[in-house]
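2 protein chains.
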Amino acid sequence: MSTGSKATSDAEADSVLSPRVLELLETGARVFAEKGYDAATMRDVSEASGVSKALLYHHFTSKEKFYSQIAMRSALRLNEYVFGQIPEDASAAEQVRAFMIATAEFFEEYRWAWIAASSSFWNDPDRHRQAERLKRRTEFELKLRTLIAKGVESGEFNEVDPAMTGRLILSAINWMHRWYVPSKELRPPEIVDQYFGILLGGLSKR
Amino acid sequence: MSTGSKATSDAEADSVLSPRVLELLETGARVFAEKGYDAATMRDVSEASGVSKALLYHHFTSKEKFYSQIAMRSALRLNEYVFGQIPEDASAAEQVRAFMIATAEFFEEYRWAWIAASSSFWNDPDRHRQAERLKRRTEFELKLRTLIAKGVESGEFNEVDPAMTGRLILSAINWMHRWYVPSKELRPPEIVDQYFGILLGGLSKR
Numbered sequence: 001m002s003t004g005s006k007a008t009s010d011a012e013a014d015s016v017l018s019p020r021v022l023e024l025l026e027t028g029a030r031v032f033a034e035k036g037y038d039a040a041t042m043r044d045v046s047e048a049s050g051v052s053k054a055l056l057y058h059h060f061t062s063k064e065k066f067y068s069q070i071a072m073r074s075a076l077r078l079n080e081y082v083f084g085q086i087p088e089d090a091s092a093a094e095q096v097r098a099f100m101i102a103t104a105e106f107f108e109e110y111r112w113a114w115i116a117a118s119s120s121f122w123n124d125p126d127r128h129r130q131a132e133r134l135k136r137r138t139e140f141e142l143k144l145r146t147l148i149a150k151g152v153e154s155g156e157f158n159e160v161d162p163a164m165t166g167r168l169i170l171s172a173i174n175w176m177h178r179w180y181v182p183s184k185e186l187r188p189p190e191i192v193d194q195y196f197g198i199l200l201g202g203l204s205k206r
Numbered sequence: 001m002s003t004g005s006k007a008t009s010d011a012e013a014d015s016v017l018s019p020r021v022l023e024l025l026e027t028g029a030r031v032f033a034e035k036g037y038d039a040a041t042m043r044d045v046s047e048a049s050g051v052s053k054a055l056l057y058h059h060f061t062s063k064e065k066f067y068s069q070i071a072m073r074s075a076l077r078l079n080e081y082v083f084g085q086i087p088e089d090a091s092a093a094e095q096v097r098a099f100m101i102a103t104a105e106f107f108e109e110y111r112w113a114w115i116a117a118s119s120s121f122w123n124d125p126d127r128h129r130q131a132e133r134l135k136r137r138t139e140f141e142l143k144l145r146t147l148i149a150k151g152v153e154s155g156e157f158n159e160v161d162p163a164m165t166g167r168l169i170l171s172a173i174n175w176m177h178r179w180y181v182p183s184k185e186l187r188p189p190e191i192v193d194q195y196f197g198i199l200l201g202g203l204s205k206r
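Each protein sequence line maps, in turn, to chains Z and W. Taking my numbering, the leading residue of the first sequence gets 1, the next gets one more, and so forth. Taking my numbering, the leading residue of the second sequence gets 1, the next gets one more, and so forth.
Please keep in mind that the hints were generated in silico from the structure rather than gathered at the bench. Errors might be hidden in some of the hints.
A pair counts as met if it fits within one copy or between any two copies, since identical chains are not told apart.
Stated by the list, open to error - Once the Cα atoms are required to be at most 25 angstroms apart in a straight line, the calculated SDA-like pairs of lysine to any residue come out as: (1) K35 / V51; (2) K35 / K135; (3) K135 / S204; (4) K135 / E185; (5) K184 / A163; (6) K205 / E88; (7) K184 / A54; (8) K63 / D38.
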């Protein structure tokens, strides 16, 4: 996974945060990813970061709010990472596949944050942040639809509805966190690659 | 939508419940789905149903037990309804389509309970009930895989992996509750029918 575009996005999203807060968010993300949200404690984060629990609570108020900041940061980076992985001079099929695989790579790398973001998506108490996330989500979905629509227009794809096809693809990826268990035989990009193959060729024999 | 087998299933599952209890279960499903399990209180259910909290506790003992009855009721009826809608002497494509459409019909009719069951699936405090639900879920998934595998064996379908194809299909349906809003132009069975068409024909032009 190339990390170039992710770094740029970090810089933009993080320009208002102090270096100490940024470092705590990174450490927190790692601790939550390793232990899971329920098992990880603010004490764990305190020990991993060398910062007192009191100071952690001073910066983030609660474990829940700390976690939601971490999740939010990762959600912000999804679009930029995925869009950066789509080859420009390629067939629509290759572009859709690249979109799917990059999303699965992102899911794999930020799985805990993804789950946190996913489960809090519709209940974000911060209205402004919620609006920002919805905007990015829409941008994300529209990008995929555009790739599909281009394939339909060029005659490479069948006359599928880009919106419904995009939904089908993103549903499959979005649902993955509900059943995927790391250490199983297939990694998320491989799972998604199989989904892509099924979708591209279809069920019905030619 | 043929309601014959659902009616039978309803009648069986609910024959021991009084009309008042049934109504409370319906109201409760809506309240939990709207507020989420944690935020919803028995007071909310009491207010929405016009029944006193005391009577609610008399019928259901605790919020947790009330909720689990709601989720369980809907989960119990899914398999029976869907399996009953699959035509016996039909192509694999027609059978897979019938499976998908019936599942979407069920989702449409029991949407609130579906959401309740879906969000509590992995955290059911009742181990026995959790095991029962997992058993039915496995049965449900295996049924779909079997239909797909038959299509592959007969040469009607391409050599797709039945497990992965089943996952792709069920993911699309399972994710629907996260974005579907009633009163939009398409009903769930129509959405799923479009998914089926995309999957059957594939993206790539023949």
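Give me the numbers of the hints this structure contradicts, sorted from smallest to largest.
3 and 7
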